[in-house]
Amino acid sequence: MEGKILNPEATNLLQRIKGFTRSIVEDLAEGRSPEISINRFRNYCMNPEADCFCSSDKPKGQEILTLKRGSQTYRIDILLRVLLIVQQLVQENRHASKRDIYYMHPSAFKAQSVVDRAIGDICILFQCSRFNLNVVSVGNGLVMGWLKFREAGRKFDCLNSLNTAFPVPVLVEEVEDIVSLAEYILVVEKETVFQRLANDMFCMMNRCIVITGRGYPDVSTRRFLRLLMEKLHLPVHCLVDCDPYGFEILATYRFGSMQMAYDIESLRAPDIKWLGVFPSDSEIYDVPQQCLLPLTEEDKKRTEAMLLRCYLKREMPQWRLELETMLKRGVKFEIEALSVHSLSYLSEVYIPSKIRREVSFQ
Amino acid sequence: MEINAPVPKLLLQLISSAFQRCRLAEDLCRLSVLLDLSTDNDPPITPISIADTGIGCNLEEFQDLMCPRQFNGANIWDGLLSVKTTCFSDDEVYYYRVNLDENISNRRVKRQASQAKNGAKFSGTEVSLSVFGSMDVLVAPIIGFFQKVFFLFRILNVTMDLVVKQGTSPGTQTQYVFVVNTEKNPCFTASNLERLKFGLEDYVLRHGNCLDMICDYCFSDREHLKVGSGTACSEENRKRTGGTIDVVIVISDLLETTRHCSRSCDGKTEVLYFDNFSPCPIPQFALSALKKIDWKSYGLVLASVNDQDGHVFLEWENFPSYVQIQITLHWYHNQYPTRQKTQPGINLVKKGIKNALDDLKAKHEGFLLSSHARKICSHVPDLARSIAGLIFSSTDMDFQGDCLSVLGFQAQEVERVAVEDYIQRKIVTVIGMNERKPQKDEESAPFLFFEGESETSYFEDEEIEGEYYSTSLE
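First to last, the sequence lines map onto chains B and A. The numbering used here puts the first sequence at residues 1 to 362. The numbering used here puts the second sequence at residues 363 to 836.
Next up, chain A with everything else stripped away, as it sits in the complex (with noise of 0.2 Å):
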């Protein structure tokens, strides 16, 4: 089944939500979902349930939920929800029952008999639903979404489980936790963003969740990976909610024995995006971002962009092999909960993508150069050679001391070879320093006081013209 697909969609958007009351809670909670497949009712029924210890659940996120009764024609569920859930300050646990079938909102929910909480102090959510038929193809979705959720956001208050019952006894019963490992990730403080370069630079050093630990062949460690984020938020108005949008961007350097891996990549660049802290198919809104993006002024060519059901891989003209790229998007809400669920606009995305490449390119000199720089940087070697041969052919002594140790060398010991090398990355960090300024100033730096270029005269070459003569009697 796919996973856009009613059932799957919205056992997700469940889930998805039962995660944020979690991540809201300021203390530790667990997010377990049961998948009963042992009924034995016919036709066959796999009832669901998506329990939650975070905060109380808002009743608005279940106005704008949809999921038909039926699909390619066969009855799918009964289009209801049981909901209980309670407040820590609540006295008592409140039930309802929702029919997602009921277009009018205040029919939509109704309230059932609660239940007394005798003085305890607790919160949490219940979501409950039966599916028709054996719903074993929900485990791999379900394994994904936390997977991707666990790796990339390493939420450490959230622990999550999936239990599929397939018969009465314990035997026959299958949980995958999901337990964050406090010793190697982001403390509890780290914002957003840091979880997500955290997550996104083990999703890539295990090639995308496929192993359980760094693939040796393909990375030696963190150290190769060159990460950049950025963020851009929009602003809370009277019409829609304020969001921010958080991209990361993971380049990776393969080593040599990559190609031992049958893993590594194909030069393509993945694309993930998260709203709201779910993955989830990659919106029209941010693939027209991507588009529109000046790749170019990053030394990148963007040849085509890939779009199988909202699972995005851009490719590159001319991008080494042993190069890797990995993008992800994550949108999110300012606040909680959020009925009315907005969307970035595509300058937003644009602009969180473009604020990720500046900082990789901030942080990694010489690094995603425009073609503009990189031709400029063509003249690099020439020029340390240049500048390196005025100082050691200098044939005063103390002016060569002099320089080299401005440059940070010991005039006794220094090769000439390691000043050019040093002297060319230290132009090669001023060309992407230079990149990185605004250009405005630029067009009017060369000529000060006047236009340089108008005053040609038709005889500019009577040097050379000279010159072109005296050739002949060299």
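Next comes chain B alone, as it looks inside the complex (with noise of 0.2 Å):
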């Protein structure tokens, strides 16, 4: 019987969490060497002419964790620490950050991506995502805008003030009552854009949410968005730099990202449309030159790299031909290069202009 009352997943993960452990007991009872069978998902794989899956969720090969390589040995010594957590945090009912459980060993741990890794590895292992384990990441993005919920009854009113931040709510599984006036929601790749529009209370002048994951978006943020998404059904706008480095954030918030690619449909943004700024966005809004900055070999390597995503070639044929026009252009440059007209030129100009034109792809 378990100590406290629990919902049914958590029954059925403490079920499967016992069955697993059961497992390699009775493996070690009867001397032979445990092993651990870990699904491997991908979201793209970089081969053009093969005739990829990657578009499907199923797995899309196996690793076998055994006690015969010392990486893998340590591996399971890691994962099975994390489990043993898990099981206390899910029997009590209680949550902890990714970095809480760094912190209760961290010498073994090392890096908070070996505790990543090992709860990625839980996550495959019993087919659930994050959120089932009771492990949240602390929260990163912020939001504002029209729009008001609540969360495990906290109250999250962005109505009644709508030029100011609010944090992304962490127990997004918990956040019900949504009420939104908005006519659409604004992705920004930078907390300095949020901070901008904040200032030029963007959201006074048009009906929409602001969210901005500062930098890459995290699993709270991406999950958030795909909430408001399934609950508003309003169209998703993406403001991101012109660099790898901001394609690859919409690429995250629009495919997901490899590294959670196990749990990909609850955390990517099908539907998200790249507003800009684009390659071709320096001549239309006459971005001066010396706001130009010339790709360094590294951005090269990348945009090369990212121009063989199997998902860009299949489902957004438009990114990649903007992705090549920066490449054959050989310079990026920032959102807030648009500044140099006037300093509310992006809220007032660029960023209504875009929507009404709705220039953006797809």
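In case anyone wonders, no lab produced these hints; they're calculated from the structure. Among these hints, one or two may not hold up.
Not the full set, but computed from the structure, chain B residues with beta-carbon under 8 Å of chain A [as the list claims (entries may be wrong)]:
#1 K18
#2 T21
#3 E26
#4 L28
#5 G31
#6 K68
#7 G70
#8 R81
#9 Q87
#10 Q88
#11 L89
#12 Q91
#13 N93
Owing to the predicted nature of the structure, the values given are computational and were not obtained by experimental measurement. Heads up, the beta-carbon is just placed ideally off N, CA and C, and yes, glycines get one too.
Both chains come to you apart, so use the hints to assemble them.
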């Protein structure tokens, strides 16, 4: 019997963890070497010829962890340590951040990425999402605009203060009572741009919700965006720098990340539109030459690698063309470069014009 | 006099052949060596006789014997052997003179007048020779030979003795007798390898035969010894006779009281080599084989090989002082007599040693693990703690009880530490087992369907970077 009343999902997860533990115990008792089979997922490949199945959510391979190799044994060690913590969290219906878990055995874990990988392995092993493990990442994202909701009983009334940044909720699964009067959602790459829009009272003049993941979007931000899309059915526009990093962030929102490819369905925003900034915008919006920076060798390499990704060819050929144009021109520029005309050029001219003309692809 | 000086060498070869004849007889046999130091000749002469009641001798074994008449400028013997021999089925005892100086083989052995057995049924051989000088220095090598053969091979049907005659009266005779006690030894039917195993254990327990009994300071009983044995055979063909190499390795965990024992080991490994049941200096090919063994895959790092006139000691790096390793190699022909003596190749010796090491590893889980496996073992305490944690922290008592019973514990009375220890041992067993299995599938196993590493994105660390930002918020 479990100690606390748990939801059926938690009970089911605990049951599977117990089954897993028992199978290891049984293997050892009978002198068999335990083998932990972990499916591998990918959301893209880079083989232009292959008839790939990357668009499918099914596993694309399997990794078998055994006690035959040092690196795999370490991985099993970490997996079991984290699993033990997860079992306790779920049994007690408590939550912990990935960082909390890291600090429980910092010398064994060595780096946060090691814990992250173990959490990923556990999610794959038990076919669940990270939130099912009661593991949360501290919210990094910000939101403002025509929206209000509740998270675990706590009120987020953005409507009351349209240009104030609210943190993106951590327990996205417990978000309810979403009310919005927005016409679209604007996702911006950077916090600086988000603050620019807040200063310019962008939401006062535009019926929208603005979200930023402050760089690479974390799981909470992506799950929250996905939730808003599902609940509100609003168009979503994304504004990123015209450089490989900006494009990578756009692709992460649209297709999900390779690292969490196993949970892609709950993390990607398939209908997101690329609002800008495009390479061609430098001419259309008269960005002076001195604001254009040459692509570094590293930038070029990254861009070339991204051009090979199968999902761009298959689903977003227009995006790929823009990327090729950037590579051909050999220059990049930031969104802020548009402020060369005036401080509020972005909020007063660029974004409204882009939204109005609906020049974004797809 | 050194053991490889001509006379002792010849003598030990003759004794070794006599021992072989006894060993092969299916009856109780006696091997008796007489050193007569009592004669008054001037210059002094020592008559020596080697008599055995084994199967009769085959003259072929004298064809390749060599011993010069002179050594270091002095005459040492007359070069003649006198041989009397008869087989069980023979009607006569045959007499021969063997001139070791003669290189033409059909002139080497000359038959003398034989003696009728008058219907008596027996077999045996006596080889006699005379060496110049008083040869009391021969006593030690002969006793050493008997001790090694006697203690290591435990051949039950052979009694060995050495009589040293210093004067004419019986009181001036010294007799050394070696009789195997049948109660504490392997039975008649035990294989050569079994006997060698038993003998080497005894040899180690008595500090290389230096003591009459087990050294109480260093060992409490045989259980402290870890013994592994291996065999490799070469096939017989037209060009060479078949043979077998037996290898026994004994590793002893000495007791803490060892520091009281002046004879306890200094971390060196003695290697004994036997050729056809006779102790002999380790040959070059066996030395090469020892050097070529991949000791690292058994967790050992060979620091040096000290070869002092065939007495070989291996020294190890970072070797614990309370552990002692003893290695014995025994090469013997599958048939007797063999005029054409062959030697095992380096690979055959290596195979034998490897088989013995693998046997040790299989019998003692977690022992002789390679540095790779020991690295894996460094995770074992943590793995065991986590597995025990998953069991004990579960709020499902049925599950707890179930797991504990699978591990062979009673749920009511079990302590977590005991379970953890048990799981640790089980994991170590499995790691040792994995190491012994062929590893060829290992490389392909982790990725069954595609190469995982080739797809690394430049942005693989995005989540980590996200985390990096978030940590500043925490």
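So, going through the hints one by one against the coordinates:
1. At its closest, the beta carbon of B/K18 sits 5 Å from a beta carbon of chain A; the interface hint therefore holds under the 8 Å criterion.
2. Look at B/T21: its Cβ gets to within about 4 Å of chain A, closer than 8 Å, so that hint holds up.
3. Satisfaction of the interface hint for B/E26 is found here, the shortest Cβ-Cβ separation to chain A being roughly 6 Å, below the 8 Å cut-off.
4. The restraint placing B/L28 at the interface with chain A holds, with a minimum CB-CB distance near 4 Å, inside the 8 Å limit.
5. Taking 8 Å as the C-beta cut-off, the interface hint given for B/G31 holds, the closest approach to chain A being about 6 Å.
6. Interface restraint check: B/K68 against chain A, minimum CB-CB distance 5 Å, threshold 8 Å, status holds.
7. The closest approach between the C-beta of B/G70 and any C-beta of chain A is roughly 5 Å, which is under the 8 Å cut-off, so the hint is satisfied.
8. Of the supplied interface hints, the one on B/R81 holds, with its beta-carbon coming within about 5 Å of a beta-carbon of chain A, less than 8 Å.
9. About 6 Å separates the beta-carbon of B/Q87 from the nearest beta-carbon of chain A, less than 8 Å, and the hint is met.
10. At a threshold of 8 Å, the smallest CB-CB gap from B/Q88 to chain A is about 6 Å, leaving the interface hint in force.
11. Against a cut-off of 8 Å between C-beta atoms, the interface hint on B/L89 is violated, since the closest Cβ of chain A lies about 11 Å away.
12. Here the hint on B/Q91 is kept, as its CB sits about 5 Å from the closest CB of chain A, short of 8 Å.
13. Taken as an interface hint, B/N93 does not check out: its beta carbon lies about 12 Å from the nearest beta carbon of chain A, beyond 8 Å.
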